[in-house]
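Trainee: Now for the letters of each chain:
Protein chains: 2
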Amino acid sequence: MPASSSPSSPTSSSFPSPPPLHHTPDPYDGIIIDPQQLPKDPCIFAQHLTESLAAWRLQHRRGIWLKLPLTLASHVPVAASSGFVFHHAEQDYVMMTHWLEEGKPCTLPPGPTHQVGVGALVLDKGGKNILAVQEKSGPLRGTGVWKMPTGLLDVGEDIGAGAEREVKEETGVSARFKHLIAFRHAHAFAFGKSDLFFLARLEVEDDSSLQPCPHEIAACDWVPLSLFLSQPRFLASPLYACVYDLCRDALPENEGKARPVTAIMGTQLELGFKPGAAWLYHTSEWHHEKHGGKGEGEDGLEEGKGAKKGAGNHERG
Amino acid sequence: MPASSSPSSPTSSSFPSPPPLHHTPDPYDGIIIDPQQLPKDPCIFAQHLTESLAAWRLQHRRGIWLKLPLTLASHVPVAASSGFVFHHAEQDYVMMTHWLEEGKPCTLPPGPTHQVGVGALVLDKGGKNILAVQEKSGPLRGTGVWKMPTGLLDVGEDIGAGAEREVKEETGVSARFKHLIAFRHAHAFAFGKSDLFFLARLEVEDDSSLQPCPHEIAACDWVPLSLFLSQPRFLASPLYACVYDLCRDALPENEGKARPVTAIMGTQLELGFKPGAAWLYHTSEWHHEKHGGKGEGEDGLEEGKGAKKGAGNHERG
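Taken in order, these protein sequences are the chains called A and B.
Each residue of the first sequence is one higher than the last, beginning at 1 in the UniProt record's numbering.
Each residue of the second sequence is one higher than the last, beginning at 1 in the UniProt record's numbering.
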């Protein structure tokens, strides 16, 4: 059959031999290489990868996904020299990708872009003291600043569960998630990523025993609310001052005083302690009235397009 | 000075010669290796890394951060064989870490754990039609399902800005962020990470011209709300049915009918289209009354601890 064996035969180039790297197609015309069946030797991997990429180009495949376990770290430089770039990583693997459609925009989704933090507002049974900690390391070490228990969500963890876990881990106190008070969206945090921080109201189950975590926490106590909420470090920040006002709104004694709303509104506020601003999303507007806001809709707050506010708008009278 | 030159001298082991890898300490007793000044040759890098790790162990350093640019992919296997693991990655680098305090729990923060999606509810000037698209690839390709414009936030992008960008990119329509209607937190999404999805209400600036993105969008139109909200695919999902109810609440014709609240409440709802549930966070409770909820506080919704609800609770009457 001379036609099919000819090197210029269109048949042989349209239907190349199956590529040696095991893979599955994805619904976006892409290829997911099977990490379980990669050749262990980096030289053999290099050869198979080159052949596979040539075949996938002919098939008009677009994005190629290559997950390399830590045990095959030797394959990372091979993939990089074949045109792969990093996508995301977990402790035991790095994902690399290769966009084959030269000249067309890469439509591969980005890897995870955010870390998610949680903070917990927990009052004692009497409602007069707040559960607060002083941190053993990090920027607040040795400053004497009292803060709410906070921490980062694990992958797969719900916001309420994360807040309950952090309170338990840092202070030994059992408390149950009730609702969210507000959340803050900011950028250029750890590793240059973005950060969402959810402030949750938790109900204490037993306020009798404090067991601070010896690794993370220097001190832990039920601190009088008036003392906690008047810490100069936080009042100097328009963002924190607003958060603290929202916390006041959430206190039992202020129940019913906040003006309720039917949407989650956004306000952009200066950080204060460093340059820049962040969006704070919240429902209650009571704090705003108290501090001389211009009233509904007039200053953009109602529109979710609130201009950056200086510290003046949130100073306590 | 024979004492200081003796190999058993405590002075020489307590104060080792400065490690050859340039670095800065961090406030958590860790070390950040300077990626700009790494030796280019992987063998020299291997030698310097070994010496540096020995010195940092003596100094009781805890977490070591090593950022390797794609151009130094050859150093990845070297670091892996010295005990480093992956932490996170961006297109042009992979971050690797090494926890030196053997036997003590690693307190290094996790890398980014979440992707963040945005969806946009945009009505035309008359308020009777919703801006909707049909996707060109992915699971909904060819199904004829109309959906709101959605997309993933870029690193550093605000939620409102992301929603405005996605609407513009997918449909050509200019619209401005007003507020958030609700958000959903779910797990085991892309790459096994968690996912936050924010549904934003946008106000259209000009509804005259539709210019669907040729790469992503198969169709794009102003779809009558009644048609859009009655799509069986979404009504079969308790989660989506609840989201659609919240969208109805947000319509101009329903203004003032939703029962306002002063906190962001959470409800756990079945996905319906696949096994599992997700938390939906919202403010309005009107949808709940409409569908035979047990009333304020009685079913745990008010407490933010709403039990998983079956489809029955959210079927339309």
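By construction, these hints were calculated from the structure, which means they are not laboratory data.
Be careful, since some hints might not be right.
Identical copies carry no separate label here, and so any pair may be met within one copy or between two of them.
[Claimed, not checked] 25 Å max Cα-Cα, derived DSS-like pairs, lysine-lysine: (1) Lys193 <-> Lys40; (2) Lys136 <-> Lys40; (3) Lys168 <-> Lys104; (4) Lys104 <-> Lys136; (5) Lys274 <-> Lys257; (6) Lys125 <-> Lys274.
Trainee: If a hint holds in the structure, say so; if it doesn't, say that too.
Mentor: Going through the hints against the structure:
1. Neither within a single protomer nor between protomers do Lys193 and Lys40 lie at most 25 Å apart by alpha-carbon distance, with minima of 34 Å and 27 Å respectively.
2. For a Cα distance limit of 25 Å, the shortest separation of Lys136 from Lys40 qualifies neither inside one copy, at 44 Å, nor across copies, at 38 Å.
3. When the C-alpha separation of Lys168 and Lys104 is checked against a cutoff of 25 Å, the pair qualifies only between copies, where the shortest distance is 19 Å, while the shortest distance within a copy is 50 Å.
4. Proximity of Lys104 to Lys136 under the C-alpha cut-off of 25 Å is restricted to the inter-copy arrangement: shortest distance 16 Å between copies versus 50 Å within a copy.
5. For the homomeric pair Lys274 and Lys257, neither the shortest alpha-carbon distance inside one copy (32 Å) nor that between copies (42 Å) is at most 25 Å.
6. Within a single copy, Lys125 and Lys274 get their C-alpha atoms no closer than 36 Å, and across copies no closer than 41 Å, so neither meets the 25 Å cut-off.
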